[in-house]
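Chains as they are written, first to last, in the numbering used here: chain A, 1 to 101; chain B, 1 to 232; chain C, 1 to 541.
Note that these hints are calculated values from the structure, not bench results. Certain hints may be false.
[Unchecked claim] DSS-like, lysine-lysine: derived pairs with alpha carbons at most 27 Å apart:
hint	chain 1	residue 1	chain 2	residue 2
1	B	128	C	342
2	C	342	A	71
3	C	284	C	237
4	A	66	B	99
5	A	71	B	199
6	B	99	B	190
7	A	66	B	199
8	C	237	B	142
9	C	424	C	342
10	B	199	B	101
11	B	99	B	199
[Unchecked claim] Sample of chain B residues facing chain A (criterion: CB under 7 Å; computed from the structure):
hint	residue
12	34
13	38
14	85
15	154
16	212
17	227
For clarity, every value in this text was computed on a predicted model and none was experimentally measured. No residue lacks a Cβ here, since even glycine has one placed at the ideal position from N, Cα and C.
In case you want the letters, here they are:
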Amino acid sequence: MSNHDNSEHHVISVGFYSLIGITLLIFTGITYFAATVNLGQANIVVALAIATFKATLVVLFFMHVKYTSEKMTRATIVGALFFLMLLLALSMADFATRSWT
Amino acid sequence: MSDSPAATATHGLELRHHFATEGQQRDSATLGMWLFLVTEIMFFGGMFCAYLLYRTRHFNEFAAGSRSLDTWLGGVNTAVLLVSSWTMAMAVRSAQLGKRKLLCLFLVLTMIFGATFLGVKAVEYHAKFVEHHVPGPYFDFKQEVKAGETPLPINLHTMQMFFSVYFAMTGMHALHMVIGLGLMTYLLIKSARGAYSPKYYTPVEMAGLYWHFVDIVWIYLFPLLYLIDVHK
Amino acid sequence: MATAALPQERKNYLNAEHGLRSWLLTTDHKRIAVLYMISITVFFFVGALYALLIRLELLTPAGDLMQADSYNRVFTAHGVVMVFFFLIPVVPAVLGNFLVPIMVGAKDLAFPRINLLSWYLYMIGGLLVIHVVLTGGIDTGWTFYPPFSTQFSNSRVIEAGLAAFIAGFSSIFTGLNFIVTIHRMRAPGLTWTRLPLFIWAQYATSVIMILGTPVVAITLVLVILERALHLGIFDPKLGGDPLLFQHLFWFYSHPAVYIMILPSMGVISELISAFSRKRIFGYKFVALSSIAIAVIGFLVWAHHMFVAGMSVYAALIFSFLTFFVGVPSAIKVFNWTATMYKGSITFETPMLYAFGFLGLFTIGGLTGLFLATLGVDVHVTDTYFVVAHFHYVMVGGVVMGYLGGIHFWWPKITGRMYPEFWGKVAALVGFIGFNLTFFPQFILGYLGMPRRYYQYPPEFQVLNILSTAGATILGVGYLMPLVYLLWSLRYGEVASDNPWNAAGLEWKTTSPPPTFNFDETPVVDFEVYNYEDLKEIPVER
Numbered sequence: 001m002s003n004h005d006n007s008e009h010h011v012i013s014v015g016f017y018s019l020i021g022i023t024l025l026i027f028t029g030i031t032y033f034a035a036t037v038n039l040g041q042a043n044i045v046v047a048l049a050i051a052t053f054k055a056t057l058v059v060l061f062f063m064h065v066k067y068t069s070e071k072m073t074r075a076t077i078v079g080a081l082f083f084l085m086l087l088l089a090l091s092m093a094d095f096a097t098r099s100w101t
Numbered sequence: 001m002s003d004s005p006a007a008t009a010t011h012g013l014e015l016r017h018h019f020a021t022e023g024q025q026r027d028s029a030t031l032g033m034w035l036f037l038v039t040e041i042m043f044f045g046g047m048f049c050a051y052l053l054y055r056t057r058h059f060n061e062f063a064a065g066s067r068s069l070d071t072w073l074g075g076v077n078t079a080v081l082l083v084s085s086w087t088m089a090m091a092v093r094s095a096q097l098g099k100r101k102l103l104c105l106f107l108v109l110t111m112i113f114g115a116t117f118l119g120v121k122a123v124e125y126h127a128k129f130v131e132h133h134v135p136g137p138y139f140d141f142k143q144e145v146k147a148g149e150t151p152l153p154i155n156l157h158t159m160q161m162f163f164s165v166y167f168a169m170t171g172m173h174a175l176h177m178v179i180g181l182g183l184m185t186y187l188l189i190k191s192a193r194g195a196y197s198p199k200y201y202t203p204v205e206m207a208g209l210y211w212h213f214v215d216i217v218w219i220y221l222f223p224l225l226y227l228i229d230v231h232k
Numbered sequence: 001m002a003t004a005a006l007p008q009e010r011k012n013y014l015n016a017e018h019g020l021r022s023w024l025l026t027t028d029h030k031r032i033a034v035l036y037m038i039s040i041t042v043f044f045f046v047g048a049l050y051a052l053l054i055r056l057e058l059l060t061p062a063g064d065l066m067q068a069d070s071y072n073r074v075f076t077a078h079g080v081v082m083v084f085f086f087l088i089p090v091v092p093a094v095l096g097n098f099l100v101p102i103m104v105g106a107k108d109l110a111f112p113r114i115n116l117l118s119w120y121l122y123m124i125g126g127l128l129v130i131h132v133v134l135t136g137g138i139d140t141g142w143t144f145y146p147p148f149s150t151q152f153s154n155s156r157v158i159e160a161g162l163a164a165f166i167a168g169f170s171s172i173f174t175g176l177n178f179i180v181t182i183h184r185m186r187a188p189g190l191t192w193t194r195l196p197l198f199i200w201a202q203y204a205t206s207v208i209m210i211l212g213t214p215v216v217a218i219t220l221v222l223v224i225l226e227r228a229l230h231l232g233i234f235d236p237k238l239g240g241d242p243l244l245f246q247h248l249f250w251f252y253s254h255p256a257v258y259i260m261i262l263p264s265m266g267v268i269s270e271l272i273s274a275f276s277r278k279r280i281f282g283y284k285f286v287a288l289s290s291i292a293i294a295v296i297g298f299l300v301w302a303h304h305m306f307v308a309g310m311s312v313y314a315a316l317i318f319s320f321l322t323f324f325v326g327v328p329s330a331i332k333v334f335n336w337t338a339t340m341y342k343g344s345i346t347f348e349t350p351m352l353y354a355f356g357f358l359g360l361f362t363i364g365g366l367t368g369l370f371l372a373t374l375g376v377d378v379h380v381t382d383t384y385f386v387v388a389h390f391h392y393v394m395v396g397g398v399v400m401g402y403l404g405g406i407h408f409w410w411p412k413i414t415g416r417m418y419p420e421f422w423g424k425v426a427a428l429v430g431f432i433g434f435n436l437t438f439f440p441q442f443i444l445g446y447l448g449m450p451r452r453y454y455q456y457p458p459e460f461q462v463l464n465i466l467s468t469a470g471a472t473i474l475g476v477g478y479l480m481p482l483v484y485l486l487w488s489l490r491y492g493e494v495a496s497d498n499p500w501n502a503a504g505l506e507w508k509t510t511s512p513p514p515t516f517n518f519d520e521t522p523v524v525d526f527e528v529y530n531y532e533d534l535k536e537i538p539v540e541r
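Make a model of the complete structure from these sequences and hints.
Printed below as a string of structure tokens:
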């Protein structure tokens, strides 16, 4: 089990990479236009959602995570994001509740 | 694959002695690089925590500061970096297919776009300097108010906080871009000498992972810093 | 089956190459472990020197040995050196580097050159910190709290922050190397449940290193940026919050204490198993408890901030979570104890250190619960109660585990046995000295003596004198191994491949091992801690 050979030799086509690239550019534009619309509190949510979608495209296709059979790669990414959320959430638990009496 | 010791001289095949197979070596490199990216996520994450706190507490100052940034330049830079991610992905693809000249071309293009990004950043930083938006003893801020708008109530001292966060985050990001350019230079030299082939292109792939990560950080920085309160 | 050939006669990693270059440019994990062992020992004694200065000042109630400002620099030096340059790296970089590849049956770590880089980063950080300390030191405490560290301290904060930052990267690269090695380079047949518990512990530790260290890295960078460039991220005048620093700092620095203790716990599992000649009771529980400590350890950091001005509601959450983190540690202690039941126990030096660990770590851990309790913490925080608590777990825990491990694996690392009589004496002297130093501090803290103060009310003097006396004895207990271990390199009895008749892959290769660890890649078709298969032969040294 130590002689791993899970690395994919999957070669993605120029067309597909370009499709992803153009999608990313389009959604950058969408990000801007969404920011010009007054959605109140939802503005930040929309902006982050679009950014996350773009980041997901980069991770899955440019960074080949969609094509690897290696579970550790996905576990590593999910783990890191989980602990980052912990840092943000538990810190904000302090900051957000300071003014409660 | 046999358990043969180091075959470093073989063209395109570098199996280090402590690995049993190239597959094991490549998988180890990939896992190692992702673990390093985890550290980068947590490293930038600390600054995102600061951003989260201060944007929540000092929204008006963050909005005013965000409006003082050049959204057009920020958007152009975002596009530049996304294109550079495309060229980097194409570079890895070229290495996979053994196309040395294309590999070198795409590496050069990635570097050009990367350098463009840094050039635009330099222009932006210069503008901030000229407008006295750099935190410190010479800081000054005049809110730009479009016709018909009411200005946001802001505190001049707290305004520095937005710019401290802006410079810290974009500065750290720019430093990572510079390191990335250094990696690209190294890869370019090695690629030109034919060090990479379909059997062995791991360093290109690993540098690609790093480059894409730096791009992802910017994907988040753009809306968070430049688009805080655009709507009017 | 033990040979009597002198180590000098057989080719092993120590005599494979000669000369300074072969050491300073080595990529052999075993040589790197030795490099770390030497440099970490030096830093330990530097930190201990500062401890001695603290205890000397505290012999008398008045501040008469040094000025208050100097005392601040002394305890800061003690903390910075001991935390960043001793406790965090010691077991992973010395014992981990040496043993992880061998225990998984590999020829080296996954990234040998990064391993060497890790040592050089440690040395660069270490030299920076020595420079700081020799040119006046810093007075902020090892915790660097702003706004004092960013705006008011007149000391080399930037340089010290940089030193810790660089040392942090050393730590990150070590952890990265271990995770990849353990995942990708295990020998055929070595499933996860056949791994020694030392490996499980190193794995959990490495996860913490990867996730936590970068956060303190960026925090130190932000302090440096505030001092150097006026980017006032933590400056209250600019709308900043000093507690943001504390959250970011303790997000790492609490899990950091688990970086310190987990590897030591891994050592204890190996020692108790070997000297009870029994498989660890509840292997899966002990293995998973290491992972649980790593995860839960990330949920409790703000218990260092209860009186700092944080929200009471958040404090309640963190207090509640902190109680949970003691559970997996307790699971380990119970399983170690159960292992010894009906075991064939012998009392060689490593086992003495293991017993010391069991008692002292338990006391230290239990006093952590006092501190987790909000109401009690209000009274004892920032007193000597806290100081005693963390020294019980860090010295009574980490150092005891490290010393036990050094003695246990000394024959494997050097090919020589240490003198058993002096080993036992030093262990006992250290145990007595330790308790005499730190138990009085629980009482002092409870009575209200604040920490980081160079003077105290006269009624506390007797306890302080006891503590200083204990520290002197403890110092002797640490100097003794330094002396006899060095002595053993030349005059110690030559060790066989398996002087303890212990289970584990490391005992199947020569003492010291060859450069590539094994003459042939081992195939693991046996369970871990298979003492029932190992004949009861007299321990042949």
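Going through the hints against the structure:
no.	hint	in the structure
1	B:128 / C:342	violated, 74 Å
2	C:342 / A:71	violated, 42 Å
3	C:284 / C:237	violated, 52 Å
4	A:66 / B:99	holds, 24 Å
5	A:71 / B:199	holds, 23 Å
6	B:99 / B:190	holds, 14 Å
7	A:66 / B:199	holds, 21 Å
8	C:237 / B:142	holds, 19 Å
9	C:424 / C:342	holds, 23 Å
10	B:199 / B:101	holds, 17 Å
11	B:99 / B:199	holds, 12 Å
12	34	holds, 5 Å
13	38	holds, 4 Å
14	85	holds, 6 Å
15	154	violated, 19 Å
16	212	holds, 5 Å
17	227	holds, 4 Å
Violated hints, listed in ascending order, are 1, 2, 3 and 15; each of the other numbered hints is respected by the structure.
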